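Student: So the sequence lines, in the order shown, correspond to chains G and W.
For the first sequence, this note's numbering assigns the number 1 to the initial residue and increments by one for each residue that follows.
For the second sequence, this note's numbering assigns the number 118 to the initial residue and increments by one for each residue that follows.
Keep in mind that the hints were calculated from the coordinates and are not lab data.
In this text, all values refer to a predicted model and were calculated from it rather than measured experimentally.
Even glycine gets a Cβ: it sits at the ideal position worked out from N, Cα and C.
Hints may contain errors.
Heads up, simulated DSSO-like pairs for lysine-lysine below, C-alpha to C-alpha not over 27 Å straight-line [to be verified]:
#1 W:K122 - G:K57
#2 G:K42 - W:K228
#3 G:K42 - W:K122
#4 G:K42 - W:K154
Covered stretches of chain G, going by a simulated chain W footprint (3 or more residues, C-beta under 8 Å) [claimed, not checked]:
#5 59 to 65
#6 106 to 112
So these bits of chain G aren't anywhere near chain W, every CB distance computed over 10 Å [what the hints assert, rightly or not]:
#7 V4
#8 T7
#9 Q14
#10 I20
#11 H29
#12 E53
#13 S55
#14 P70
#15 N74
#16 T76
#17 E85
#18 T115
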Amino acid sequence: EPEVTQTPSHQVTQMGQEVILRCVPISNHLYFYWYRQILGQKVEFLVSFYNNEISEKSEIFDDQFSVERPDGSNFTLKIRSTKLEDSAMYFCASRRTGGSLRNTEAFFGQGTRLTVV
Amino acid sequence: DQQVKQNSPSLSVQEGRISILNCDYTNSMFDYFLWYKKYPAEGPTFLISISSIKDKNEDGRFTVFLNKSAKHLSLHIVPSQPGDSAVYFCAASNNAGNMLTFGGGTRLMVKP
Chain G
1 EPEVTQTPSH
11 QVTQMGQEVI
21 LRCVPISNHL
31 YFYWYRQILG
41 QKVEFLVSFY
51 NNEISEKSEI
61 FDDQFSVERP
71 DGSNFTLKIR
81 STKLEDSAMY
91 FCASRRTGGS
101 LRNTEAFFGQ
111 GTRLTVV
Chain W
118 DQQVKQNSPS
128 LSVQEGRISI
138 LNCDYTNSMF
148 DYFLWYKKYP
158 AEGPTFLISI
168 SSIKDKNEDG
178 RFTVFLNKSA
188 KHLSLHIVPS
198 QPGDSAVYFC
208 AASNNAGNML
218 TFGGGTRLMV
228 KP
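Okay, chain G solo, but in the shape it has when bound:
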């Protein structure tokens, strides 16, 4: 069964360093998302991406964050200068069709645990 894959599973980085989290969405999916979950808290939306551009982003997704689909298969989340509070589990998700989510649900990857020290 096709799945969303994320690498690495765990990333430890020093505060102020740049990190890139990688995701390979399901191949025929068109919509891509990043969510995060700080330990013990709820899953929070960061950004959605369609047709090579951001379609929606949350307040969390500030200038330190960027997303890219560099080669038609990977979908990356970059944090330019990490802060301690960026430590969280980051989930990538993809969805096949557009419009309302009633068409199809989002499939999530296993997550990347980012630890900023």
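Use these hints to put chain W onto chain G, whose structure you have.
Tutor: Chain W in isolation, oriented as in the chain G frame:
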């Protein structure tokens, strides 16, 4: 501003009995609701959904009920099985459909 709330952080149920997980929302623009199940060290997995034009959707042991006037939905699992032990998140989207807003999750423990 928590638009989707799951007020019970945990729930413990005996195997074979019914599990009822609750979710409340405040945004009247939400018109599609989903339940996700999450095991430790894994991403959320889609379980069941319901559109606001319905008040009930059933899939095997899982049934979701929607009460629009109360802005409340619930997930019923019957009979509960130990393998159902996980964190359950409800999520909602509006007509734009681009973004899911998640509740805080409820940890369900089904005891054998």
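Student: Indicate, hint by hint, whether the structure satisfies it.
Tutor: Hints and how they fare:
1. W:K122 - G:K57: Measuring from Cα to Cα gives roughly 21 Å; hence the hint holds.
2. G:K42 - W:K228: Answer holds: K42 of chain G to K228 of chain W is near 25 Å, not above 27 Å.
3. G:K42 - W:K122: Within the cut-off at roughly 10 Å; holds.
4. G:K42 - W:K154: holds, 13 Å
5. 59 to 65: violated (count 0)
6. 106 to 112: holds (count 6)
7. V4: violated, 7 Å
8. T7: Check passes; 13 Å lies beyond 10 Å.
9. Q14: holds, 24 Å
10. I20: Since the minimum Cβ distance to chain W is about 19 Å, I20 of chain G lies beyond 10 Å and the statement holds.
11. H29: holds, 14 Å
12. E53: holds, 12 Å
13. S55: Not fine: 6 Å to the nearest Cβ puts S55 of chain G too close to chain W.
14. P70: P70 of chain G is indeed farther than 10 Å from all Cβ atoms of chain W, at 22 Å.
15. N74: Fine: 17 Å to the nearest Cβ keeps N74 of chain G off the interface.
16. T76: Holds: least Cβ distance 17 Å, greater than 10 Å.
17. E85: Holds: least Cβ distance 18 Å, greater than 10 Å.
18. T115: Per Cβ check, T115 of chain G is outside 10 Å of chain W; nearest 14 Å; holds.
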